[in-house]
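*Asks:* For this one, chain E is given, so just place chain A on it according to the hints.
This is what each chain is made of:
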Amino acid sequence: MLKRITVKRPADELYAFWHDFRNLPQIMDYLESVEVNGTRSRWKAKAPANISLDWEIEQVEDRPNELIAWRSVKDAKMQAAGLVSFKPAPAEWGTEVTLSLDFDPPGGAIGEAAAKLMGADPKLIAQKALRRFKALLECGEIPTLKHQPAGRNAGRDNDE
Amino acid sequence: MRALCWHGVKDLRVDNVADPIIVNPHDAILRVTLSTTCGSDLHFIDGYIPSMEAGDIIGHEFMGEIVEVGREVKTRKKGERVVVPSFIACGGCWYCDHELYSLCDNTHPKPELQEPLLGYHTAGIYGYTHAFGGYAGGHAQYVRVPLADNNCFLVPDGLTDEQVLFMSDAVPTGYMGADFCNIHRGDTVAVWGSGGVGLMAAKSAYLMGAERVIVIDRLPERLQMARDFAGAETIDYTAVDSVLEVLKEMTAGRGPDSCIDAVGMEAHGEGIDYAYDKVKQTLRLQTDRGQALREAIIACRKGGTLSILGVYGVMDKFPIGMIINKGLTVRTAQQHGQKYLPRLLEHAVRSELDPSFMITHRMSLEESPRGYELFRTKEEGCVRAVFIP
Numbered sequence: 001m002l003k004r005i006t007v008k009r010p011a012d013e014l015y016a017f018w019h020d021f022r023n024l025p026q027i028m029d030y031l032e033s034v035e036v037n038g039t040r041s042r043w044k045a046k047a048p049a050n051i052s053l054d055w056e057i058e059q060v061e062d063r064p065n066e067l068i069a070w071r072s073v074k075d076a077k078m079q080a081a082g083l084v085s086f087k088p089a090p091a092e093w094g095t096e097v098t099l100s101l102d103f104d105p106p107g108g109a110i111g112e113a114a115a116k117l118m119g120a121d122p123k124l125i126a127q128k129a130l131r132r133f134k135a136l137l138e139c140g141e142i143p144t145l146k147h148q149p150a151g152r153n154a155g156r157d158n159d160e
Numbered sequence: 161m162r163a164l165c166w167h168g169v170k171d172l173r174v175d176n177v178a179d180p181i182i183v184n185p186h187d188a189i190l191r192v193t194l195s196t197t198c199g200s201d202l203h204f205i206d207g208y209i210p211s212m213e214a215g216d217i218i219g220h221e222f223m224g225e226i227v228e229v230g231r232e233v234k235t236r237k238k239g240e241r242v243v244v245p246s247f248i249a250c251g252g253c254w255y256c257d258h259e260l261y262s263l264c265d266n267t268h269p270k271p272e273l274q275e276p277l278l279g280y281h282t283a284g285i286y287g288y289t290h291a292f293g294g295y296a297g298g299h300a301q302y303v304r305v306p307l308a309d310n311n312c313f314l315v316p317d318g319l320t321d322e323q324v325l326f327m328s329d330a331v332p333t334g335y336m337g338a339d340f341c342n343i344h345r346g347d348t349v350a351v352w353g354s355g356g357v358g359l360m361a362a363k364s365a366y367l368m369g370a371e372r373v374i375v376i377d378r379l380p381e382r383l384q385m386a387r388d389f390a391g392a393e394t395i396d397y398t399a400v401d402s403v404l405e406v407l408k409e410m411t412a413g414r415g416p417d418s419c420i421d422a423v424g425m426e427a428h429g430e431g432i433d434y435a436y437d438k439v440k441q442t443l444r445l446q447t448d449r450g451q452a453l454r455e456a457i458i459a460c461r462k463g464g465t466l467s468i469l470g471v472y473g474v475m476d477k478f479p480i481g482m483i484i485n486k487g488l489t490v491r492t493a494q495q496h497g498q499k500y501l502p503r504l505l506e507h508a509v510r511s512e513l514d515p516s517f518m519i520t521h522r523m524s525l526e527e528s529p530r531g532y533e534l535f536r537t538k539e540e541g542c543v544r545a546v547f548i549p
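Listed in order, the protein sequences are those of chains E and A.
Residue 124 in my numbering sits at position 124 of the first sequence; the count goes up by one each step and never skips.
Count along the second sequence from 1, then add 160; that gives the number in my numbering.
Treat the hints as calculated values from the structure; they're not laboratory data.
Do not rely on the hints blindly, as some may be mistaken.
As the list claims (entries may be wrong) - On the chain E side, residues computed to face chain A include the following (Cβ under 7 Å):
hint	residue
1	A135
2	P149
3	R156
Glycine is no exception: its CB is placed at the ideal position from the N, C-alpha and C atoms.
Next up, chain A with everything else stripped away, as it sits in the complex:
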């Protein structure tokens, strides 16, 4: 089959590789019908996170049709159209039992690679470094999905592939970020980053009853999407002196009740902190540029909630003192997609949530290296490139 493989920093190629086969009794093989770029992929494409190996098939946000199932798959069957969360859950451990699916104990084949970094290992994820499991990714014609009963979610009739593709990662990540905010009547939620996850977090915050949602970014076309799709107010941070001051003004001095960081380790920004981060990251002294996160911490109201969705590595210069003195609650996780998928699909069926507007580029798998380049540089207004294998 054909698959998009990582061969080095900023070196992606579509290769001929073997077809995946059933190796475990609960496996399913999917014919991938759509897959998409995710901002977190840029971190290893740009070389900021380690443990990729030349030839790794990338991609963790995908959907497809089941073409084969292992002998112990109970509920899913051949021919079904399914969407698959990016983290793999076993369904039998304490973490799965507590709906903390991305922390599953039993789906990481190489925990010894990750424990030195985190103390404990996470669930495995498709196409996202060996430290995170080393599974072959979804930018391919076929993909093996382990533990299919827990990880393949049936797409209801009447929804198109494009309407459900992002339920694989961007939508549940954003939705979880809003869920972390424990939104009450009258709440204002500020969201840093108007990419796929930020847009979904903004929309979800309204679905959960937020009074106001304010999205902060610098790209006009993305801010437009935040206004049009999520109904959010927006701030172009390059057009204001201080995002903190603008947020204070907008909320009559109170500040946002919750702040969601949907940016992560390759934040863009301005001023001395940004310059400091960029130099240290370039020299590989730290993995992260944390401008957006710091801004979210200082802008959040006293006693508010900080919901962190952006992906980080190892960042120094983290303002823990601000978090303590302001009494902030920090909530964060990689997405627990299996918890949210059923209700997200219900929202979609009721026409309350249609993320397909984020697709700015539709391409064949053969064109996927160019798709990632557009996505990385954000040229041609690229928000999400989608590949049709």
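Extracted from the complex, chain E is given alone in its bound form:
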């Protein structure tokens, strides 16, 4: 369930970004917001208007510049867990980042909304998050085709 990527930035910088969970909606595009309260945080997904999809996370491990681990609190709506770790890459390559994500979404409408939003494969979800993380840290933005002109859909694309 884990994916790796190499980012040409030092580990402390990558750790600092990840350590503030409020940054995660930038790289996990299914998140609407993350509110942090000490070692606990509330992650809210971009679910359809009639569904409220959020879950409470607690940080379970934090080793500066090395590793951060988190998981849902016991009675959270979405059972999720994650671990990110950083270690130096060879020569001038920067830092090797490993991300592991696990999800156990609830059944019913909420589970369906979650699968639609995030996709079903945690490996692909992790891959996408890592790519966006790398682009954001290496060049300050994430590549996109959003809103670009085209000779279809009344002249403009709106998806990514």
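*Replies:* Just chain A, lined up with the frame of chain E:
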């Protein structure tokens, strides 16, 4: 705005589309002042490479005036006249750091489309299939240029738009092809293809100190340009029995030290290999007709360098054994324009390089479908059609 859109095989139309807007903080919006056809566009116009979508705005060789910049653009500003390399570079990844800009890690918005083909993804490019990024192209009145500080090159005063337009792609591609040859005193460089890229490779080979440059093509007006502009010797391959034998004779049996393929997957040629390729390509059993590349491999001297600039898809019947037994060095890439642009503009300022002679047709954007048709069929001596939006 108006833009040239792909709607299917050999179906290009000028459509009304929305204007591009700033979406990322390092974006710039350009008012396009000139754009041009590129031979590699013909591959998707003719339907040999996949992942175009109906309505895609095409064109990857263009220049313009900056009309708007995003909030984090540092060095470029509104009103500047700039030329833009066709591949988009982020400036922050390992590949950009090593001046391998067309391999940039961070400018392809849909890497999952390309990885099954190549194992890894390349940089994104404008107007050139979704497998190569899906960005809207430059045959339009306006275009969004991501990461403007790394991708917009200021045009020095005193140079006209026509003198710098081809610095977007044809010139850096040809220049890089000559650079790959690691040219030494006394070297002979042979160039297959006398289109925009081949002409630029021939000229660049001389700028880098080649003793002789020999250009191979079949179109008299293009061979004339190779002689007049690049000062090259030429071979019309339709007028000789064997290009290999002619090259051997011209070099007293040694063969060219370096061979540059500036033709690519829709090579024309003669004989049984050409017939085989054409049939397989028509049946879509392979994407490429590789006549020029095979000829370059056999003609190259032992231990020489093969520099491949032509664009290929998936070709079988590739003579790897010849490369091994002759000890050839193969160098190839899509253009790393950001590496070469500063020195190319310097060459232009010193009047050592003026590619504007390649413009055979000047047209409005409205006429661009006809421009591509002339370019595709090479009628009216068309080398490059240029569009003024």
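*Asks:* Now tell me if each hint is right for this structure.
*Replies:* Each hint, compared with the structure:
1. A135: Status holds, d = 4 Å.
2. P149: Because about 4 Å separates P149 of chain E from the closest Cβ in chain A, which is inside the 7 Å limit, the hint holds.
3. R156: holds, 4 Å
Violated hints for the displayed structure: none, as all numbered hints are satisfied.
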